[in-house]
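A.B. asks: For reference, the chains in residue letters:
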Amino acid sequence: MTQADLSREEATISQLKAQFPEAIKEAKVDRTHRITVSFEKDYILEIAQFMCDKLGFDHVKGVAGVDFPTQKKIEVLYFAGSYSKPEVEDFIVMLKTELPRDNPTIPSVVSVWQSAHYHERETFEMFGVKFEGHPDLRKLLTLDNWEGPPPMLKDIKFPEMGQR
Amino acid sequence: MGQETLQDFGGVWIGKLSELVRTIVGSGPLKFVVNWSRMYALWPVHLTTACCSAEFGAMMSPRLDPERFGLQSVAGGLRQCDLIIVEGTVTKKMGKRLKIIYEQMATPRYVVAMGDCACSGGLFHDSYSIVNDVHKIIPIDVYVPGCPPRPEALLSAIVKLREKIRRQEVFAQ
Chain H
3 MTQADLSREE
13 ATISQLKAQF
23 PEAIKEAKVD
33 RTHRITVSFE
43 KDYILEIAQF
53 MCDKLGFDHV
63 KGVAGVDFPT
73 QKKIEVLYFA
83 GSYSKPEVED
93 FIVMLKTELP
103 RDNPTIPSVV
113 SVWQSAHYHE
123 RETFEMFGVK
133 FEGHPDLRKL
143 LTLDNWEGPP
153 PMLKDIKFPE
163 MGQR
Chain Y
3 MGQETLQDFG
13 GVWIGKLSEL
23 VRTIVGSGPL
33 KFVVNWSRMY
43 ALWPVHLTTA
53 CCSAEFGAMM
63 SPRLDPERFG
73 LQSVAGGLRQ
83 CDLIIVEGTV
93 TKKMGKRLKI
103 IYEQMATPRY
113 VVAMGDCACS
123 GGLFHDSYSI
133 VNDVHKIIPI
143 DVYVPGCPPR
153 PEALLSAIVK
163 LREKIRRQEV
173 FAQ
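Chain order of the listed sequences is H and Y. Be aware that the first sequence starts at 3, since it is given in my numbering, and climbs by one per residue. Be aware that the second sequence starts at 3, since it is given in my numbering, and climbs by one per residue.
Treat the hints with caution; some may be incorrect.
Once the Cα atoms are required to be at most 25 Å apart in a straight line, the calculated PhoX-like pairs of lysine-lysine come out as [claimed, not checked]: (1) Y:Lys-162 / H:Lys-159; (2) H:Lys-19 / H:Lys-98; (3) H:Lys-75 / H:Lys-27; (4) Y:Lys-101 / H:Lys-159; (5) H:Lys-159 / H:Lys-87; (6) H:Lys-19 / H:Lys-43; (7) H:Lys-159 / Y:Lys-95; (8) H:Lys-63 / H:Lys-30; (9) Y:Lys-94 / Y:Lys-162; (10) Y:Lys-101 / Y:Lys-138; (11) H:Lys-27 / H:Lys-132; (12) H:Lys-74 / H:Lys-56; (13) H:Lys-19 / H:Lys-56; (14) H:Lys-141 / Y:Lys-95; (15) Y:Lys-98 / H:Lys-141; (16) H:Lys-74 / H:Lys-98; (17) H:Lys-43 / H:Lys-63; (18) H:Lys-87 / H:Lys-74; (19) Y:Lys-94 / H:Lys-156; (20) H:Lys-98 / H:Lys-141; (21) Y:Lys-162 / Y:Lys-101; (22) H:Lys-159 / Y:Lys-138; (23) H:Lys-132 / H:Lys-87; (24) H:Lys-141 / Y:Lys-162; (25) Y:Lys-95 / H:Lys-156; (26) H:Lys-43 / H:Lys-141; (27) H:Lys-43 / H:Lys-30.
Listed next, the stretches of chain H that the computed footprint assigns to chain Y, with coverage defined by at least 3 CB atoms under 8 Å from CB atoms of chain Y [to be verified]: (28) 144–151; (29) 157–164.
Here are the computed distance ranges between Cβ atoms for each label pair [stated by the list, open to error]: (30) Y:Ser-75 / H:Lys-30: 49 to 55 Å; (31) Y:Arg-70 / H:Lys-75: 46 to 52 Å; (32) H:Ile-158 / Y:Ser-20: 57 to 63 Å; (33) H:Gln-73 / Y:Gly-148: 36 to 42 Å; (34) Y:Ser-63 / H:Glu-91: 35 to 41 Å; (35) H:Gln-165 / Y:Gly-148: 52 to 58 Å; (36) Y:Ser-63 / H:Pro-137: 42 to 48 Å; (37) H:Arg-33 / Y:Ser-75: 39 to 45 Å.
Hint data in this document are derived by calculation from the structure and do not stem from the laboratory. Yeah, the Cβ is synthetic: ideal placement off N, Cα and C, and Gly gets one too.
Chain Y on its own, in the form it takes in the complex (with noise of 0.2 Å):
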């Protein structure tokens, strides 16, 4: 009876005192940090789906250097990344194995949909084997169209996911 009303009280304080933790840690300048180192480690995941990637890699090329906006290519595991870019068409078969590798991803993680075809199917619109809405398999946060994209576009989506960082809550809703 009495170890009972000692949980409960524990249990009641302990509620209080993570709550408070979480909006210390989620408003002021602690959001600040997080966000902050959030959007200057975006390491996206090596997949590539589709053609696209060809201008994936002219972006990641030191002309444009994105590694001044955090992105880098690192050679680390799917675990460790925290970004998707769907380069191009994504085949029945595909869409399969992107929501595994979306799943093994530990959160926040981002997804990028670059290119026509990862936006609305594109070229492939009415084939047999494609997916058209990619963001009925992954949530998607940038959408980047063209056939395909130049880099800067690419770039410039990427800053605007930065953006997007800066501003999210520092725990998912």
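Isolated chain H, as found in the complex (with noise of 0.2 Å):
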């Protein structure tokens, strides 16, 4: 079996690094067509616009959410692809990003990718991450009455479904 070539991903990689030293802050490879990107936060949109602009990834694929109790802090991951570019379209830039579990807002992407309209829905509902300047932050999938707490934090119970 021959080495695998990861020229494509480590020349995105210090692209990435030249553009934002100070928000960067770990760039991994970690497979063919696969890289992790962590940042600080509040650099969300210019990273999203750079990478649109200049990177050609013109959407997400979707958006998620990590909790972590313990730590304090939820991640969330903005999973970047390509349509347009034939040289990445097989290819895709995991961005990670670490906030306070307390009060986890950050600056929303639909401006650039809008794709994110429903993933970031889907995770403001489910995790109570608030996106700051979506168009339209209501909820989506659980059920119309609903009004209990974001029910995929770790320490949220539900005892009348028998949860201890």
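Make one complex out of these two single chains by using the hints.
C.D. replies: Quick look at the structure:
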């Protein structure tokens, strides 16, 4: 088995690091076609604009949340991909940022990546992350008369369903 | 005065006649014919609640050929169907729709609960958005446990349901 060619992944990382030296905290190559970039949350709009305009990542495939109750943080993940640029169309960049658990707010990327609209609504509903500047931040999937807490947080229990 | 007497007279006899017809149809060879036609024309509603529908698709394939038992997938409307196969997890939102679908079907109607989730909650038993007891929403005739059940198990449930239909009363109580 030959060694996989990772030059494209490393080139993308070095481009991002050169553009945002103070924002990127950590960047690594997971495997071919897949890199992970951790960054400070205030730079999300600039990074998204740069990736959309210069690198060709024109949409997000998903926005996800991860809850860490012991470390008092919520991670928000953006999976950016490309339809318009053929060189990177099989390539996914995972953007990862950390938010404080008591007040998770982050600027919305809908103005850059419109496909983040429903994904951000779902993350808002399930994890309570507030996306500032989102055009229509309502709940999406739970019951119509749902008034409970964000159900995907780890410390939320539903005793009426037998959870302990 | 005379008309009232006539109406009473006719009403009594019409009531007795309908009782007679019910007795004749509900017993003997006519009961056999009615139940036989019911058990050879089971049309399932095209309703997919979760992933058990993959096994349902395998069951409807020519390999097992459920059409020999009268179970055929027709593109009919809801009001011509008489069987619901609850294929997997029922969320609280879907439970509301399931009840609406059940109430729109014409009697007699039958329900098969397929998979652990539809029987008792299964893997998602303590989740906040799942209906654990589907039998509290709609009455269930046959339960098929398994996660997911084999297509043969579902087919055997259909055979059991046919046996139930063969022995049932023609007019529901």
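A.B. asks: Which of the stated hints cannot be reconciled with the structure, identified by number in ascending sequence?
C.D. replies: 1, 4, 5, 9, 12, 18, 23, 24, 31, 35
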